[in-house]
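Protein chains in written order, with my numbering: chain A, 1 to 127; chain B, 128 to 329.
All the given hints hold, so there is nothing to weed out.
25 angstroms max Cα-Cα, derived DMTMM-like pairs, lysine to aspartate or glutamate:
(1) B:K306 / A:D113
(2) B:K169 / A:D122
(3) B:K169 / A:E60
(4) B:K169 / A:D15
(5) B:K314 / A:D122
(6) B:K314 / A:D113
Not the full set, but computed from the structure, chain B residues with beta-carbon under 10 angstroms of chain A:
(7) K147
(8) Y214
(9) G234
(10) D303
(11) K306
(12) V316
In short, the hints are calculated from the structure, not lab data. Using N, Cα and C, we set each Cβ at its ideal position, and we do this for glycine too.
Listed here are the chains, written in short residue letters.
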Amino acid sequence: MSAHGGPGGRWYDKDAGPVVRPYAVTKGRTQPASGASLSLIDNVVATGEWPTPNFRPGPEHRRLLSLCLRPTPVVDLASETDLPVGVVRVLLGDLIDEALLRVLPAQTQPRTDQRLLRMVLDGLEAL
Amino acid sequence: MDSKHFDGAGAAGSPPQTAKFLIAGGFGVGKTTLVGSISEIKPLRTEEMLSDRSIGVDDTRGVSAKTTTTVAMDFGRIGFPSGLVLYLFGTPGQERFWFMWDELSYGAVGAVVLTDTRRIADSFASIDYFERNGTPFVVAVNCFDDAPRFQPEDIRIALSLSPDVPVMLCDARDRDSVKQVLINLVKHVMSQRSRMSLSVTD
Numbered sequence: 001m002s003a004h005g006g007p008g009g010r011w012y013d014k015d016a017g018p019v020v021r022p023y024a025v026t027k028g029r030t031q032p033a034s035g036a037s038l039s040l041i042d043n044v045v046a047t048g049e050w051p052t053p054n055f056r057p058g059p060e061h062r063r064l065l066s067l068c069l070r071p072t073p074v075v076d077l078a079s080e081t082d083l084p085v086g087v088v089r090v091l092l093g094d095l096i097d098e099a100l101l102r103v104l105p106a107q108t109q110p111r112t113d114q115r116l117l118r119m120v121l122d123g124l125e126a127l
Numbered sequence: 128m129d130s131k132h133f134d135g136a137g138a139a140g141s142p143p144q145t146a147k148f149l150i151a152g153g154f155g156v157g158k159t160t161l162v163g164s165i166s167e168i169k170p171l172r173t174e175e176m177l178s179d180r181s182i183g184v185d186d187t188r189g190v191s192a193k194t195t196t197t198v199a200m201d202f203g204r205i206g207f208p209s210g211l212v213l214y215l216f217g218t219p220g221q222e223r224f225w226f227m228w229d230e231l232s233y234g235a236v237g238a239v240v241l242t243d244t245r246r247i248a249d250s251f252a253s254i255d256y257f258e259r260n261g262t263p264f265v266v267a268v269n270c271f272d273d274a275p276r277f278q279p280e281d282i283r284i285a286l287s288l289s290p291d292v293p294v295m296l297c298d299a300r301d302r303d304s305v306k307q308v309l310i311n312l313v314k315h316v317m318s319q320r321s322r323m324s325l326s327v328t329d
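Chain B extracted, bound-state conformation (with noise of 0.2 angstroms):
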């Protein structure tokens, strides 16, 4: 067992404080780079029910028996000497994992929608479903070395996002960018707090 899996708990045992982040987006935009750019990537297992709606995308004939399936997802985790634990999540992309969006943000700072301006749209379920359940969010774009470039307002207008919503491009790539769109994600959340206490004092 190596001591460094422990790394968030202090020396007296005391329990690490743990905090967790989202990071959503369409397939292959860049997620796992990103977890990867500035955490320790680390394997879950999660076993989930099959449902109705995974008929005909998971091939059961012959093990009509079975109805869960295993899902396989990463997870990243930065332990800070202050015994602070972050765990950044990427959600399932596939439209039949939904169910774990629920717990996955329930308790979560906030979330990054990671978007590519060529597929712009894969950005849209995540959004919707960021608004719904009001998770604070930021849209970063992760800028492809072929994809073109836009102007973050564009963006914002090309999303219909609401003018409160930070947008920002990044490189997935790179720890420092993705160091500043956790950042900036926080700041976002520390000031929506801050509005929201204000208008409760009003």
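Just chain A, with the same shape it has in the complex (with noise of 0.2 angstroms):
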């Protein structure tokens, strides 16, 4: 690229953007390969199980699977670790294929139920 705005006319460190592409973690693949849609408040958290031989977990694997000790919303997992929310759908996708995973939806429906916003609604009046 011809265009450099760091300082001195090049970027350093973290400015110049990941050393890896987003899309080279997930070897490429854009979608998860079970096609589990997982929204951005659905809960994943750890089986416990331990991998398979043939699965050989990247880095980034292993580190979802240890933020999901405890179940965590896909969101927090994306911020935390600073990868765009379609790298990480790929990864916790191949995590849920291996059952290290597994995915605690935060709900079925489009439409929030009462019960939740009525627990909602508590919340913010305490606030």
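Now that you have both chains on their own, put them together as the hints suggest.
Okay, here's the thing in structure tokens:
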């Protein structure tokens, strides 16, 4: 690229962007293998299973697994790892396929139920 | 790893109960200010396909093979002692990111359309979108110090809103004001829901 905007006309360190292009860590895949649709606020949690011998988790897989020792929403995983949401979804898909993670869906319908609404209202009012 | 990232999770590892709100409105209307005054702001990266709508917007000369772009956005997170975690997503303002709205609005409690009386037409796009896909919303007028003051009813007429959409004045910098906007939104959703279930049982 011809545009250099950093000090002295060049980008350094973090400003230069990731050393590894985002979709390189997914080996070019942009969709989860199993087609699992993960909403931003679905929780995922480690199952405690061991990986099968033919699955080689990458460093990002391992990082995600370690963050999922407790149920954690997808959006927090993306923020925490600083990986794009699309990449995190592909990597989580691998771990779900390997039965290393399981999904706890936030909700199964497009509309929030009354019980959750009441919980949200109580929470906000107590802020 | 800071343990406060998991403040929504119960001690026994029960999943945090999650819910999300959308904060929409024109560019520079105070969406990020609003989110920041009530919640912890966290960064989020999304790597998205460049569509032909971005031609002329993104300069891809010399990188013709580049078909994805990284979109940075912020979101707000509020953890409650009950294990509930609320997420506030500001909808990306530019037209070319509208594909993200579908995902953001799916399963959302509702939306706040933040409005500036000096550029009221900037909120039409968001209002249209939420009306079309049935996302409940309220209109909050961010009272900038140098902006003309109007009554909520004048705003309703200017935006041709239906009578049941709540319109309120707010200060996006003020935590209590923002809190009240979100409370009004939840109450609006609850009353809409109970009206809907009444009409079903009739």
